[in-house]
Every structure is written in structure tokens, then in C-alpha cells.
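K.L.:
Can you make the complete structure from the sequences, with help from the hints?
Chains as they are written, first to last, in numbering that gives the first Met the number 0: chain A, 0 to 326; chain B, 0 to 326.
Keep in mind the hints are simulated off the structure, nothing from the lab.
Glycine included, each C-beta is placed from N, C-alpha and C at the ideal position.
Treat the hints with caution; some may be incorrect.
What the hints assert, rightly or not - Away from chain B, derived, C-beta distances all over 12 Å, residues of chain A:
no., residue
1, Ala55
2, Lys69
3, Thr228
Said to hold, decoys possible - Examples of chain A residues lying across from chain B (beta carbon under 8 Å, computed):
no., residue
4, His171
5, Asn177
6, Lys185
There are 2 protein chains.
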Amino acid sequence: MFQSLNNPKEAPRSILALDFGGTKLAAAIVHFGEREWRSHKRMLSPADADAKADLANMRSLIHDLLQGEKPAAIGISFGGPVDAKLGKVRLSHHVPGWGNIPLREILEAEFQVPVSVDNDANVAALGEHRFGAGIGYESLFYITVSTGVGGGWILNGHPWRGAGGMAGEIGHVVVDPNGPICLCGKRGCVERLASGPYMAAAAREELHKQPLRGEILRSLANNNEDAITGQLISQAATQGDELALEILQRAGWALGVGIGNAANLINPQLFVLGGGVTKAGAQFWEVVRRVARETALPEVNFDIVPAALGDEAPLWGAVALAQEELN
Amino acid sequence: MFQSLNNPKEAPRSILALDFGGTKLAAAIVHFGEREWRSHKRMLSPADADAKADLANMRSLIHDLLQGEKPAAIGISFGGPVDAKLGKVRLSHHVPGWGNIPLREILEAEFQVPVSVDNDANVAALGEHRFGAGIGYESLFYITVSTGVGGGWILNGHPWRGAGGMAGEIGHVVVDPNGPICLCGKRGCVERLASGPYMAAAAREELHKQPLRGEILRSLANNNEDAITGQLISQAATQGDELALEILQRAGWALGVGIGNAANLINPQLFVLGGGVTKAGAQFWEVVRRVARETALPEVNFDIVPAALGDEAPLWGAVALAQEELN
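P.N.:
The structure is reproduced here in C-alpha cells:
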């Protein structure tokens, strides 16, 4: 459908990867088959940014990078629900104005090259599969545990997005029907128990209820409970704070049940865990692995490993997404 | 690999479908593209049957059917864990001697045609997809709820069996971590709450605890608690027995949570429900549908429909399995 202006003898073909991350924007170029960025730019999204401002800022990153050169394709990771088939952003939970924006159409009209776009969890799954912890696996489930909990499937070596593009919502798998109420209205979702902000909320609640516990956590937060984050809870747990450890173990338990249930249903080879909460250290990982193992049937085998690409998962995933489209 | 001895001009090509059902054996022949059996045989497995006896009995059914003619392929549904890739039966929970039996190899050597074998849930999923309630859908999850609870996936129009052939184990998805202990050792599995025998056990327990309730159920069972089955509970519930209805609704709730969680994870178009318990009537279906809808995110769409092939699902699925292999 699109023809590259590059003469392959003169310039190697390249892919432009974009990351609309909600609070930050990033763009990078890579040559076909290479694993180092040729060049790379990122910026924070201003707090008052809307979709228009994000697009204008991304355009200037792109033009800085490309310097008039034309990539073979553009891949995009978007931090929010996307209709990957239509190339449309459905919504951003962070930035206003993104409702129903035909991002693929806009950029294809502008750059005259094929553009692919998907949500950050699906893109990161593809990135880990092609370039990270999932190299060589045919089936995996990537799970990101940070502000929210989301996931993306690779089945038969390709993304599985579901009939309506909604597959991978492990964050809203119910693991405790008598648990606390989640923003989605249900009780005991994985996200309600394992996401950073909900862990912080649980910590604040327990600190109120149990004034004699959580000494290390209180001191790390300088006795300012608004300073408590998922990261601080991990840190306190590592330093021996038992209350923090309990909250972390509950998060690990919820994630472990979700993973074990997903293993029973789909039996993938591998689970890849990324996102801030999964950096919580050995005690967290031990619980996740043990509970997932206990929840899955003995005949259902899998490994659970940390993501390898870190903050660059969306960009490398965007490269993989563009390649998937070109193949 | 195999050449048919049939001359396609003289005799239409046919498929031989076999069902090793645990307590019964069935075999049938169908012509390519037809939806009526050319001929069909079934028998009960004797109570003392082992794998050898099952095989000998099946052989005599087959020879009765074929009368020396040679089918183009053989498809097999087996009531127990199967390694579909290797064509090996892993085990039967009902009939001794089936551990690690290379069923494909045995029948290919004997009949000199391609043989495919898979477990009954996967085969029934394929049958419903090609010939039943799932015609025209690209993705579905078939769930059977009877003595056990199992399932089989169709994704992208083909069976998804998982990395180790263990996908579809919705029976052992945990829906209530504080629930009763299942045979598998975990608490609150779907099977523990929704299978016929476990429902009957729950009914017996409640009848002991609550001597003034369950009048209709007691009378249907002629006050013989050993006569209580899942089917009798359904019948009692339909006739207004509140205790029976509570147990049925709990089963529906467990199945609904399992379905809603599966929808959030995989987002298939359709769930197809078969097996004796799903014949429990409108009250059961209402709970399953409502709870599944509440458990899935609002953006995750799906239908839940009854299986269409009934007892013939394994045989029609075996036809579809053989065709899948021939294509």
C-alpha cells in the first residue's frame, strides 16, 4: 500500500517507534535488524496537555529525529484502550481529548507510511516476545503491575487481542469475591489488591488502624501518609517492616491467583511480569510464584520471569508491532 | 502420508468418528460434507473394562460399520487427558490401563489412514464450532458441566490447546479462595461448586444441617440421600425447592465468575455451555449470565449459549478433528 522513498542501497530501512505514555512522550528510530537506537528523544507531557498538545509535541520529537528522512513504517504504543484493528485510540485515562482519535489515519496521511498502533500492554508483550524475556517462546502472557494492572497475550507467536480487542484484562479478574470494592465496581479484582495506588491506600488505612505498627514505613514516608507509594511499601518491606510486608504479600497473593487461573485457562509457556510493583524484591516474587504454582493444576507448567526491557518495552514493542505489520 | 484406497469416483470419501466416553463407546461414519451419519453404532463399556477391552470392543464396532471399506481419516474423542500432538492418551479417570497409550499409532498401523485424537472437551469445542452453536464464530470457549467441569478453546477458528495441551481447565479456576476444598487440593474451584456430584454432596450436607428444608428434594429422592444427583437438584429447584435452588444458584454463580474472568482474560466472542448441569433450566442460566456479565468489564462483550450437539458432540467433534487434520 505504501512505498518507501528510501533507496535501500543508499540508506538502511528504518522503523520509527512512538510511545504516548500518558505522562511522557518518546520517539526513537532503529534500523532493520538492529538492537540499538539510531536516535532517541523523550519529553514529559505538560500537566495540562490534551490530545492536540500531545500530538503537536510528538510531531516535533519526530521531526527532530527524522530530519526529513522517511521511515519504512511507524509503530505506536498508546497508554490507554486502543482499537488496534481500526488504528483508533478509544480513550486516555490520563490525557483529555483522546476519545475516538484515528491515530493511524492521522499519521499515515502525514507520513505516507504504514502505521500500527496498540495499547501499551499488548505492545510491551510483543516487545518482550521479540526482544526481551520472551524470545524463543511461542506463547506468553505479559503482565504490567504499576498504577494499574494490565496484560497482553502472545499465542502462536502473535498477539492475541480478543474479539473486541479487550483480551488481557487480568487486572479485573476477580480473585476474592469478598474482598474490597474496586473502582470497576466489583470486589477483590487483582488490580484492587496489587496495584501501587491501591497498595498505598491499604497501607494508609492499616497505619490508622494499627498505630503501633509500620514504624519503618512511617519513617520512610517522614510521617506524611500522602508520601506513601507502592515503591515505598516495597522498600519498607525489604527493610523488615511487617505491616508493609503483609500488604505486599497480599498483592503477591492476588497476582499469583490471577496467574494460576490464567495458566489453567490458557496454559501459556511463560508469564513475563513488568511494572514498578514487580521490582518489589524477592519476598514479593516468592509469594507470586508459590501462589501461582498452588493455583494451577500440577500438570500445568509455566515459568514466571521479570520483564527484560524495562521502560523501553513500549518503544521496542512498537518496533515489533511495525515489523509484524510489514511481514 | 497416507493414501486412500477409495476411488473417489466410485465411493464418496468418508470419515470415521470414534468416541471413547469412559462408560460408553460409539463409532459413526459420515460422508464428506454431509450432516447425517451414514451409519452409527454404540455400546456401553462393561463395568470391568480396561483399555484392552475398550480397544477390542471399539474394533468390533468399527468393523461392523466399515464392512471392509476404508475411510479417508479417523477422528477420536477420548474422555480423559490426551497429548493431541503425539496422539497419545495420557490417562483415563474411569477405565484402567489407558496410561500412556499411543492410540493414534495403534490405529494408524491398523487402518493405514491418518488418525487424530484429542480429549472430549477440546473435541466437543471443535464440534460445536463446525457443526453446532458456534458456527460462524472465530473465537469461543466451550464448557462442559457434568460429572466434572472442563473446557476447550477455539481461537482464530482453530483449537487452542495450550503449550502442554492443558488449556481449558476452567473447572480448576479458583473463584472463592475461602470456599470448600476441591479434590485437587485447592479451595473454591469452579468444579467444586458447580459439578453434579459436588452439588449432590452439598445438598446432602445441607439436608442434614437443615432438617426442615428441602422437602421437594427429599421427596423426589424418596428420602434416600444416595439418590440425590445434580439432575434431581435441578428438578427440585424447578418445582420450587428453595434449598435446591440455593445450591443451583451457587453453582451458577461459580460458573458465572469463571466465565466472566475468562472473558476478561481472553475476550472470546462466545461461550458455549454443554453437559447435564446446564440443562438445569432458566433459573440456573439467569444466574450464570448475570454473574458472568457482572464479572466481566463493561467493554468486554460475549454471548453465552447452550451447546447444540448434545450427546453427539464428541462424534461430530471427532469428524471436525479429522477434517482439521486433512486440510
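K.L.:
Next step is simple, just say for each hint if it's right about the structure.
P.N.:
Checked hints:
1. With a least beta-carbon separation of about 29 Å from chain B, Ala55/A lies farther than 12 Å from that chain, consistent with its non-interface assignment.
2. With 12 Å as the threshold on Cβ separation, the claim that Lys69/A sits away from chain B holds: the shortest Cβ distance comes to roughly 34 Å.
3. Distance check for Thr228/A against chain B: the nearest CB is about 26 Å away, which clears 12 Å, and the non-interface claim stands.
4. At a threshold of 8 Å, the smallest CB-CB gap from His171/A to chain B is about 5 Å, leaving the interface hint in force.
5. Proximity of Asn177/A to chain B holds as hinted, the smallest CB-CB distance being about 7 Å (cut-off 8 Å).
6. Using the Cβ-Cβ criterion of 8 Å, the hint placing Lys185/A at the interface with chain B is satisfied: the shortest such distance is roughly 7 Å.
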